[in-house]
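2 protein chains.
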Amino acid sequence: MLNSYILIIGDEILSGRTYDSNSCYIARRINELGIPPKSIITIGDDKLLIEQTISALLELADIIFICGGLGPTPDDKTVISVANVLKRRLVLDETTLSRVENYFAKQNQKVPELATKQALVLQGAIILNNPVGQAPGMILKHGKKSIVLLPGVPIEMEKIFETGVFPYLNDNYSLKPDFILNIRTTNISEMVIVEKISDVIKRYKGISTAYLPSVLGVDIKISSIQDKKTFSQLDKEITARLKSYIYGRGQETIEDIIGNLLRKRQLTLSIAESCTGGLISDKITNTPGSSEYFIGSIIVYNNKIKKLLAGVKDETLKKNGAVSKETVIEMALGIRERFNTDIGIGVSGIAGPTGATKDKPIGLVYIGIASKKASNYEEHIFNGNRRMIKEKATMVALDFLRRTLELL
Amino acid sequence: MLNSYILIIGDEILSGRTYDSNSCYIARRINELGIPPKSIITIGDDKLLIEQTISALLELADIIFICGGLGPTPDDKTVISVANVLKRRLVLDETTLSRVENYFAKQNQKVPELATKQALVLQGAIILNNPVGQAPGMILKHGKKSIVLLPGVPIEMEKIFETGVFPYLNDNYSLKPDFILNIRTTNISEMVIVEKISDVIKRYKGISTAYLPSVLGVDIKISSIQDKKTFSQLDKEITARLKSYIYGRGQETIEDIIGNLLRKRQLTLSIAESCTGGLISDKITNTPGSSEYFIGSIIVYNNKIKKLLAGVKDETLKKNGAVSKETVIEMALGIRERFNTDIGIGVSGIAGPTGATKDKPIGLVYIGIASKKASNYEEHIFNGNRRMIKEKATMVALDFLRRTLELL
Chain A
69 MLNSYILIIG DEILSGRTYD SNSCYIARRI NELGIPPKSI ITIGDDKLLI
119 EQTISALLEL ADIIFICGGL GPTPDDKTVI SVANVLKRRL VLDETTLSRV
169 ENYFAKQNQK VPELATKQAL VLQGAIILNN PVGQAPGMIL KHGKKSIVLL
219 PGVPIEMEKI FETGVFPYLN DNYSLKPDFI LNIRTTNISE MVIVEKISDV
269 IKRYKGISTA YLPSVLGVDI KISSIQDKKT FSQLDKEITA RLKSYIYGRG
319 QETIEDIIGN LLRKRQLTLS IAESCTGGLI SDKITNTPGS SEYFIGSIIV
369 YNNKIKKLLA GVKDETLKKN GAVSKETVIE MALGIRERFN TDIGIGVSGI
419 AGPTGATKDK PIGLVYIGIA SKKASNYEEH IFNGNRRMIK EKATMVALDF
469 LRRTLELL
Chain B
69 MLNSYILIIG DEILSGRTYD SNSCYIARRI NELGIPPKSI ITIGDDKLLI
119 EQTISALLEL ADIIFICGGL GPTPDDKTVI SVANVLKRRL VLDETTLSRV
169 ENYFAKQNQK VPELATKQAL VLQGAIILNN PVGQAPGMIL KHGKKSIVLL
219 PGVPIEMEKI FETGVFPYLN DNYSLKPDFI LNIRTTNISE MVIVEKISDV
269 IKRYKGISTA YLPSVLGVDI KISSIQDKKT FSQLDKEITA RLKSYIYGRG
319 QETIEDIIGN LLRKRQLTLS IAESCTGGLI SDKITNTPGS SEYFIGSIIV
369 YNNKIKKLLA GVKDETLKKN GAVSKETVIE MALGIRERFN TDIGIGVSGI
419 AGPTGATKDK PIGLVYIGIA SKKASNYEEH IFNGNRRMIK EKATMVALDF
469 LRRTLELL
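Protein chains in written order, with our numbering: chain A, 69 to 476; chain B, 69 to 476.
Since the hints were made in silico from the structure, they are not lab data. Keep in mind that a hint or two might mislead.
If several chains are the same, the list does not tell them apart, and a pair holds so long as it fits within one copy or across any two.
Claimed, not checked - No farther apart than 25 Å at their CA atoms in a straight line, the calculated lysine-lysine pairs in the PhoX-like style are these: (1) Lys372 / Lys393; (2) Lys155 / Lys185; (3) Lys155 / Lys381; (4) Lys155 / Lys213; (5) Lys296 / Lys393; (6) Lys273 / Lys155.
Owing to the predicted nature of the structure, the values given are computational and were not obtained by experimental measurement.
Go ahead and model the full structure; you've got the sequences and the hints to work with.
Take a look at the structure:
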């Protein structure tokens, strides 16, 4: 087993001002290659500490991924620190220099003086092209070890990783990963899952199981050195226990699953969103090609608009309120008719922190779905703050749509 | 200066399947208390490694924040590991037990057997109530050191942190932080900022400056032990150089700034979104009370809907295409009229990965804004993948709205 470590460098991470999404990305991709990281370590832009940490990791690691601090501004100290530890000189890379010059030319901007500093690279390094930014990536061979340097801006890191680092790792460290089964569930708690499947899990030897809860649901991750046949038997048994709580496998997202279902059935979709404020539509349009089946939405943050554009009757609002099963069904029917789609969804709820009434608590959400055949609704009560309630309502609405589509 | 460390525990983080947002949250909050973390370390659910890491950190740290692995399932090993290192027994906490029982009762669910395991806590610990989940937080005093245990589910961690941990830290480790100035810019590159302000920065002694780029823009973070007066002079000088590239200060978000501007001017807003797919509306509705000024949106993912509901003329689409300045201005005017709002926004662009034409590359985005006074547009070309283009277009649209509102 190879030992890999991820070292994230940046005061902005330790200050809590910036999310570190890079370590997650790198971890996911190297896991796919069978090189899971032993640890992810984050430290600040402190030259001495960077040098000490790299020296220590060189004792433990076969591969070190270092991310951040490659920029040309004075607070970027990664390149000089690596140069000191590995005793390498900095040299000017002409390709990087002209790429940086072109980058600014394309946007009709003058090349800033600092840009030339960006072209200083570690002697002997493999230079990795950065197609979307300035700082190039680098790979250094140090005896049998590899040190990979990546910029901290996520889009740049990802592009360089995919075009330069992943192919390098694949060529030099090809490792066959264990079988991994990831079963994605939603709308069911971690503990209830354990109750339902723990006797199944116990019957299989040599597997390890993890339950990974997130706001979207619980992923059940099972890894094993078993043969594939045993593994698919286990999958079948778990599926029989959890049934429609399972929405997907592997890393499929709910929006991709829905996209495939709509495409396969040649159906179109429109949505009337209230408390989710556009998040359902945002998710759906993250899938490339979603314009094939997603026609559009109305976000009705106002009762007048609910009546005018989503076809909700005045008396329905008066009698049942905006947050009610009657309203979301009329929203679903109304949007389906107005946008002339096969499926219509209506969502209304109380995202908080204000807006609760005696009968209707914060977190109460109704979802209605209308198709040619029928209209239906679900009622949910979610815990959490405003953003969490929006995210949970979005996930449940998408999952309700999935279950509806599977029956069509 | 106190030494604090954040230890994140969870195979799901190292597998790259789950983002670790907890370390960012904890880091931000303890920075506000003047206890910045020296390092953030992530390791897996491995009992031996957890014990070794905690033992090592006890040598270095005054405060250790341990997050994750507090659940009752067999893969959760944090509590038992801490018990072993600190030689504490596990005892049953009656309050936690009855809270867990109530939690399931409220949702009309049977209490799972595992739930009782959740009430096992470390002897002598301060038990912190978890109002939104099962696992309680804990604080252990170990000599002069404090060890804080928090669950890994972000909403639970945050609730416990705010109600239990923050007050504890504030009472026991009150430290006055340095002055920190955070200037938020957008639509200008890090290097151009450095060119514009580096001579100003040089004139001030004893300050440290960091440039923090993200998809939304660049934050300029300046910390110093200077007096407040010198600091506000520096702020003035930077503002004079960067002018309207600055959209906010501190941790203000663009959506909160817009919300305040709309409220102050008593204006209402509606949006016609195409390539952003609902993300602009989603952002705006993250602000509590946004229903006061945000009336609603139409997401027009289809040209028919653009004509029918956003008031775009057939000949405009035929002559200029859906991605054009003419179309977004008609969208802005159309949505403003239909939703009867003071301001209307129209956005159209090519998010990719397909859809580019000879004249119109992926990343091309037009934004139109219509008010009572006038209508105006901006043209942008963004780098990045589909999601990045959606996010950058959203940020620029919100910033264009900010600049427009400031002149009204």
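### Intra- versus inter-subunit Cα pairing at 25 Å for Lys273 with Lys155
neither (49 Å within a copy, 32 Å between copies)
### Homo-oligomer pair classification [Lys213, Lys155; C-alpha up to 25 Å]
within (15 Å within a copy, 39 Å between copies)
### Message
One pair to classify: Lys296 and Lys393, alpha carbons no more than 25 Å apart. Within, between, both, or neither?
### Response
neither (46 Å within a copy, 55 Å between copies)
### Query
How do Lys155 and Lys381 come out at 25 Å by Cα distance, when the copy is not named: within, between, both, or neither?
Classified as neither; 75 Å inside a copy, 66 Å across copies.
#### Entry: Status of Lys185 relative to Lys155 across identical chains (alpha carbons, at most 25 Å)
within (19 Å within a copy, 53 Å between copies)
### Query
What label fits Lys372 with Lys393 when the C-alpha limit is 25 Å: within, between, both, or neither?
Within one copy only: 18 Å inside, 30 Å across.
Of the hints listed earlier, those the structure fails to meet are numbers 3, 5, 6, in rising order.
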